[in-house]
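Participant: Modelling step: build the complete structure from the supplied sequences, incorporating the hints.
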Amino acid sequence: MSIITFVNKDIKESGQSLSVAAIATLMAIEHNYRILVISTDFNDKTLEDCFFNNNSGGLKNMFAKSLNADISNGLEGLVRMFASNRGDKDVIKSYTKPVLTDRLDILQPPKTVDYKEYINTSVYFSQIADVANTVYDIVLVDLNKRIPVENQRKIMDLSTLVVVGLNQNQKSMERFERLKAEDEFYRRKNVLISIGKYNMNSKYTAKNIGRYLKERNVPIVVPYNILFADYCTEGKVVDYFLAMKGLGAGQGKDEYFCSQVREAVEKIDYLRQAQEFGMNN
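So the sequence shown is numbered by this note's numbering: it starts at 1 and just counts up by one.
Just so you know, the hints here were simulated from the structure itself, not pulled from any lab data.
All residues carry an ideal CB built from backbone N, CA and C; glycine is no exception.
Fair warning: there could be bad hints in the mix.
What the hints assert, rightly or not - In silico lysine to aspartate or glutamate, EDC-like type, Cα no more than 20 Å apart, as pairs: (1) Lys12 - Glu177; (2) Lys145 - Glu13; (3) Lys207 - Asp230; (4) Lys189 - Glu276; (5) Lys214 - Glu182; (6) Lys154 - Asp88; (7) Lys197 - Asp130; (8) Lys197 - Glu182; (9) Lys267 - Asp137; (10) Lys245 - Asp230; (11) Lys9 - Asp137; (12) Lys145 - Glu234; (13) Lys214 - Glu184; (14) Lys97 - Asp49; (15) Lys145 - Asp230; (16) Lys197 - Glu13; (17) Lys180 - Asp10; (18) Lys245 - Glu263; (19) Lys253 - Asp239; (20) Lys197 - Glu234; (21) Lys197 - Glu266; (22) Lys89 - Glu13; (23) Lys154 - Asp130; (24) Lys197 - Asp10.
Stated by the list, open to error - What follows is a list of derived Cβ distance ranges for each label pair: (25) Asp102 - Tyr270: 32 to 42 Å; (26) Ser259 - Lys203: 34 to 44 Å; (27) Val123 - Lys214: 30 to 40 Å; (28) Lys203 - Lys93: 38 to 48 Å.
Facilitator: Here's what the structure looks like:
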């Protein structure tokens, strides 16, 4: 059982939530894992909007148990349970929303728009992730950068693997290089770089970025793909990947996108197992 945390350490957005949506969905479709995605966003529904759109149909509805279940505000509801000492593994699934039956669930972010309340809520995020890790095979945490650093670190310290999102440019590499020099955490073997909105034509390829930063693993990439982005806005990420199944090598931008996400999934799966079984020392 593994916690995999995605965190953006760049100033600009790195496409983190869409990357999490892509990786979680393909992992759930192609592997026999029970996966939970925890969205910790503040006043932002980017991740959950990738999966749910109550105004449209879609192939995803064939796989979910119920999209209209009372989830008691997802993460917010669970925080109330944990704050009152009533939180345990038996209540976790009561607050999640199913995407693929027995494969993929989402724990939706707090609904509050009060930042002080959000900060207070974030104190419990690590505890919830830790307990959820006893229920699911893999817990993917989309960690929001607006969470106080000390609460971010609690989740990262629990994580089997920490996936750090960067942008595909020189300044982003330089900022992360300084971060590695200042903070030992980012030099650990369970830290992996991810490049979202990846452009294969840039001179800053994944291999070049990994070489520049002296990373032991080549960064994973999630290319920018306009059709995938459109499906995300419609709540149809599952539909996208099911529609693209069977594409052969060289069959356009969508085949390239899916192949790169698949490589990211396989690398994450390998590294998290290596970490769990002590093979990454």
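Participant: Does each hint fit the structure? Answer for all of them.
Facilitator: Structure-based check of all given hints:
1. Lys12 - Glu177: Given pair lysine 12, glutamate 177 holds - Cα atoms ~16 Å apart, limit 20 Å.
2. Lys145 - Glu13: Holds, at roughly 10 Å.
3. Lys207 - Asp230: Status violated; Cα separation ~29 Å.
4. Lys189 - Glu276: At roughly 12 Å apart (the allowed maximum being 20 Å), glutamate 276 and lysine 189 satisfy the hint.
5. Lys214 - Glu182: It holds: about 15 Å lies between the C-alpha atoms, which stays within 20 Å.
6. Lys154 - Asp88: It holds: about 18 Å lies between the C-alpha atoms, which stays within 20 Å.
7. Lys197 - Asp130: violated (30 Å)
8. Lys197 - Glu182: violated (27 Å)
9. Lys267 - Asp137: holds (17 Å)
10. Lys245 - Asp230: Within the cut-off at roughly 18 Å; holds.
11. Lys9 - Asp137: violated (26 Å)
12. Lys145 - Glu234: Violated: lysine 145 and glutamate 234 sit about 25 Å apart, past 20 Å.
13. Lys214 - Glu184: holds (14 Å)
14. Lys97 - Asp49: Holds, at about 12 Å.
15. Lys145 - Asp230: Judged against 20 Å, a Cα distance of about 25 Å means the pair is violated.
16. Lys197 - Glu13: holds (10 Å)
17. Lys180 - Asp10: holds (13 Å)
18. Lys245 - Glu263: holds (15 Å)
19. Lys253 - Asp239: holds (17 Å)
20. Lys197 - Glu234: holds (19 Å)
21. Lys197 - Glu266: holds (19 Å)
22. Lys89 - Glu13: violated (33 Å)
23. Lys154 - Asp130: Status holds; Cα separation ~10 Å.
24. Lys197 - Asp10: holds (13 Å)
25. Asp102 - Tyr270: 32 to 42 Å: violated (23 Å)
26. Ser259 - Lys203: 34 to 44 Å: violated (21 Å)
27. Val123 - Lys214: 30 to 40 Å: Holds: the Cβ-Cβ distance is about 35 Å, inside 30 to 40 Å.
28. Lys203 - Lys93: 38 to 48 Å: holds (46 Å)
The structure does not agree with the numbered hints 3, 7, 8, 11, 12, 15, 22, 25 and 26 stated previously, though it agrees with the rest.
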